[in-house]
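One-letter residues, chain by chain:
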Amino acid sequence: MAERYGRIALVNLRHNLLPYLAAAVAFCLAAPLFMGTRNLDGVQSAKVIEMYLSFLGIILLMPVFAPDMNREIFDVVRSKKESMAVVSLIRIAQSVFFLLLAGFGFLFYLKAGNCDFSMAEGMYAFLADTCFLGGLGLAVFAVSDNVVFAYMIPVVYYIANIGGAKKYLGKLYLFSMQAGQIREKWILLAAGVLCIVFAVWYHLTFPWPVTYNGRHGKQ
Amino acid sequence: MVFSLLGQECKMWLKNVLFYAYFIVLVMFYITQMDSSVLVKPAPGGDNYGIVYTTDETAIMEHTLENLVREYGQRSFTTYPIGFYKEVIPDEEAMRRIGDIISEITGRTEAQWTEEEMPGVREGLRFSEFQEAMAEVAGLIGPGSSYSAESLRQTGIPMTYEQALEEYEAICETDRVTGAYARLFCDYVGIILGILPAFFGVARVLLDRRSQAAQVLYTKSASSAAVIAARYLAMVAVLFVPVLIVAHFAALQYIYVAKALGVAPDYLAYAKYSVLWLLPTVLFVTAVSYLIAELTESVLSVLLCGALWFGSVFMGSGMGLRFVGCNMIPRFNSAGATEQFFSMLPELIRNRLAYSAAAVFLVIVTGLIYEKKRRGGMGSGRKIRQNRTGKPAA
Amino acid sequence: MKTEIVLQDICKNYGKKQALKHLNLTIPEGMFGLLGRNGAGKTTLMKILVTLLPADSGTASVCGTDIRQRKEIRAMTGYLPQDFSMYGGMSVYEAMDYLGTLSGLSKADRRERIPLLLEQVNLGENYRTRVKAMSGGMRRRLGIAQALLNDPRVLIVDEPTAGLDPEERVRFRNILSDIARDRIVILSTHIVGDIEATCENIAVLDEGTLRFTGTVDELLAQAAGKVYTAEVSKSELEKVKRRYLVTAMHTKGSRAEIRFLSEEEPFAGAQKTEPDVEDAYMYLMNRRGEN
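Protein sequence lines, in the order shown, are assigned to chains A, B and C.
With the numbering used here applied, the first sequence corresponds to residues 1270 to 1488, in that order.
With the numbering used here applied, the second sequence corresponds to residues -9 to 384, in that order.
With the numbering used here applied, the third sequence corresponds to residues 1066 to 1356, in that order.
Read the hints as simulated data drawn from the structure, not as lab findings.
Glycine residues also receive a C-beta, built at the ideal position from the N, C-alpha and C atoms.
Subject to a maximum C-alpha distance of 20 Å in a straight line, what follows is the list of computed EDC-like cross-link-like pairs (lysine to aspartate or glutamate):
#1 LYS362(B) with ASP1131(C)
#2 LYS1316(A) with GLU77(B)
#3 LYS362(B) with GLU1137(C)
#4 LYS1317(C) with GLU1296(C)
#5 LYS1380(A) with ASP1310(A)
#6 LYS31(B) with GLU329(B)
#7 LYS1(B) with GLU1159(C)
#8 LYS5(B) with ASP198(B)
#9 LYS1380(A) with GLU77(B)
#10 LYS31(B) with GLU163(B)
#11 LYS363(B) with GLU287(B)
#12 LYS1136(C) with GLU361(B)
#13 LYS1306(C) with GLU1329(C)
#14 LYS1306(C) with GLU1343(C)
#15 LYS363(B) with ASP1121(C)
#16 LYS1337(C) with ASP1282(C)
#17 LYS1086(C) with GLU1272(C)
#18 LYS363(B) with ASP1148(C)
#19 LYS1172(C) with GLU1184(C)
#20 LYS362(B) with ASP1121(C)
#21 LYS5(B) with GLU1159(C)
#22 LYS363(B) with GLU1137(C)
Just a sample of chain B residues kept apart from chain C, beta carbon distances all over 12 Å, derived:
#23 THR44
#24 GLU82
#25 THR99
#26 GLU126
#27 VAL231
#28 ALA250
#29 GLU287
#30 GLU329
#31 LEU343
Just some of the chain A residues that point at chain B, by a computed CB distance under 10 Å:
#32 VAL1317
#33 ASN1415
#34 TYR1420
#35 MET1421
#36 GLY1432
Can you build the whole structure from these sequences, using the hints too?
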């Protein structure tokens, strides 16, 4: 059993996740070139976490359904004994694992650089923002079957947050840690998890419609 | 043929959810960003007329020198390379050189100017000399410091009534009201136009790939140049026409304001500014995303464009939001400041021409890549091998 | 200029794998069948002919035009790939219009030709059908129509009947035969029945080399006298299968009627019979490989 799950995870890692992981690593390594990562005060630390690191959610969570875009593979995988739900869960677990790894790594790096924030709060804010942005993208992807559109929506949401839409977003505002309102983050986190669960449920219940000879598209 | 193809490509976009999402986002962004503050003639005796960036050279030199001496004393320099705070601690050699520069512009030894509370620049120091010295300091510290040419221009001091009145008159006469607000429009809309076209370039390439149409398209007699040009221009058209439509409605508001103030509005101000300011952004971002997508055939192109956008948006934000330089998204976050804008206009034009030229270059490269793929280069052999070995393993 | 395709010493490698090995072949006017196993090099050969792949060495010309003159070649060839599809959101007419534009047809030409072509492939009633809503057979017929947009002298069709139901397959073959009257139509297949029904000339590829080229009759002649039928019991069947190459089999209760190949007179009760293309193909492919 464990061997099989490990195998599924390995295949996903090697054939799907790898370029995105590379992008995530490059994204983290690029940070010190453009922004301070030492001696930051609370607000500055929160800004790095919320405005920069939150993109990791899009980078790492969006590939969860990417392999299923190839209809032939999707159908082969679906016909196997292991249920698609398990496969999806393994993929999500992997993405979240790497998300946590990147988050912990980066926040430890900030901490080591004498930045002034609480590790627990930082991780909390990081997870809430990344899960929400990534989950939003996944949900759009599951429903629309349009990967580009699915990337566009969370990016637009992010822009709305830095722009003037703050007053319309209420408790789903991404940058609340900078405003010292970390408690509200649970709403973002819950919404993010909900989005992910919805995305998996929708994707498996209404798989992207198949047309003839294995191609897919909407009928 | 290019025109016929262009029309068909545009029609394809009009059936794509992406286009409508883009249009809606554009309209929403405009609505949420634009303030509806009305232009009012300043009255004497007010206590706050806002901030003006001074052109007083003595004030700039003093303000900057004070800052420099303070940061030098702290051995720590604050910078905002892309809008995020970054502390720079120069090495010994750089510090020594900065110390020497301060000595040069104050005309005193380090021991002397560290003693004084407010060291001034030496008698007869020309502003151009000061600028040169600061450019060297900025080079030593790195991008985004307070000593760059852009920062020097942005030494803000409170506006007086006379200045406020002068600015009001410039808005009415030089800008005919509409011009000033068209700039603000471009400043805002430029932010989203720095990223949204990226989705179109990727989507166009992925459409070929996912619908498995590429092979057949490759074998048609149309030249690669015609295919790529038509596709690119179609994307630019469906991206830019909505901008002009939104600009038109935005203009109506300030045409009305101008008329109410008895000023003859420039009906085409929004269109002119949009073409000058926003079109190059659309051209460039579309070209970058299309090129990378054609090269990688994956959504990684979006991530790369995202990085480009991120850098550009935040680079502007550290510069008081009136900043052109080499930024992909020039910022001028101000209704008014007419005089300052026109002093920056040549820089803006140079910048925009450069981005447009770069876009053309990138499209040509995209065409070459497309041609190479058509001939079976660039990994199309891999696809065939996959086909030969039957179904790929799940 | 003669309507023929001449290939001389064509080689193509994918890394270490040799897909085509020094191929020499002349393809005359009419229907030409390209047979071979999966991975024999059929698709590679076709892609070279439609300029989708360059040959590593050797020369090839289509109706006297060197294959390296891509623009000219593209103008005179039509191609239907194995996995043809178009943008799903387009209607049949829009797809044809788009591909016609890419083929360099003027608007007037497109307006005139597209209805004719769609009529020819029995899609005259389907102008507004979306590509993604089409069945495999319809899509394949659309594929033929689009390949004919530029009125090509050479039509190249990769595995056109794979996955079609029998009715669609017959209809498709008939369309191809109609088209082949005044041009070269190359079709690749591993379905021998397609060849039998339509092609006059054929070539058999095996691991990148040419096993046979000639007419169908010549292929049949090679296997003449080597095909037998017999009725055997189930217990004998295994033995026969081990010794001979069985090309067809019908079970009737406890007995089986079989068709098999043999170089010499086999066991008593076996009757010599006329070979069909499938027998001849199997004979050819196993003549040297047989152990």
